[in-house]
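Peer 1: Residue-level listing of the chains:
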Amino acid sequence: NAGVTQTPKFQVLKTGQSMTLQCAQDMNHNSMYWYRQDPGMGLRLIYYSASEGTTDKGEVPNGYNVSRLNKREFSLRLESAAPSQTSVYFCASRDLYNNEQFFGPGTRLTVL
Amino acid sequence: KNQVEQSPQSLIILEGKNCTLQCNYTVSPFSNLRWYKQDTGRGPVSLTIMTFSENTKSNGRYTATLDADTKQSSLHITASQLSDSASYICVVRQTGANNLFFGTGTRLTVIP
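Chains as they are written, first to last, in the numbering used here: chain A, 1 to 112; chain B, 1 to 112.
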């Protein structure tokens, strides 16, 4: 089991560029999440998907879009990157049985 | 307002010493509280979960306590090791499917 995997690990973008962060899990979890982590702040929820085919906004969705491609994959897209989106992005999936979220290793994104 | 506050923000201890990290929350209604360990450059990993009826739970050298009346939790680390150097994040789940509240974490550094 690889758990939750994310690609890429690092990315540098220029303002206005677009990119997609990829996330996949092999634990057969229904729910998946995207968070961002900034210095001095707790993890903040961007979007989540309670099950395949559904997505919902979290606390900080502006500037992002998501796609739940299938049960395994949940991608996060930045259409026009801004310096304020410089952050570390974590994908997670949730085990409904014990309510535990399993996190990926993160993507460190810098927008210049 | 639902909040999770952790103290101290950072802590440096000598290898072999014990330490205690604090978490105070105002989240209501309360479902459970988890402590996560986040190594530098990695995603958070769950250490322990506390539900309303539990006062103490251990996971090896980690012992978590919960006082649901005062809305306080602590994480005690015994006989610290260099590998304990990490950020420790307190996460409180509100009753409801997707309401998680994250603390900003305590950065622990264990020095030889």
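Just so you know, these hints were derived from the structure itself, not from any lab.
It is possible that some hints are incorrect.
Said to hold, decoys possible - One side of the interface only, derived from the structure: several residues of chain B facing chain A at Cβ under 7 angstroms:
| id | residue |
| --- | --- |
| 1 | R42 |
| 2 | G43 |
| 3 | P44 |
| 4 | G96 |
| 5 | N99 |
| 6 | F102 |
| 7 | T104 |
This structure is a prediction, so every number in the text was calculated from the model and none was measured.
Using N, Cα and C, we set each Cβ at its ideal position, and we do this for glycine too.
Peer 1: If you check each hint against the structure, which ones fail?
Peer 2: 4 and 5
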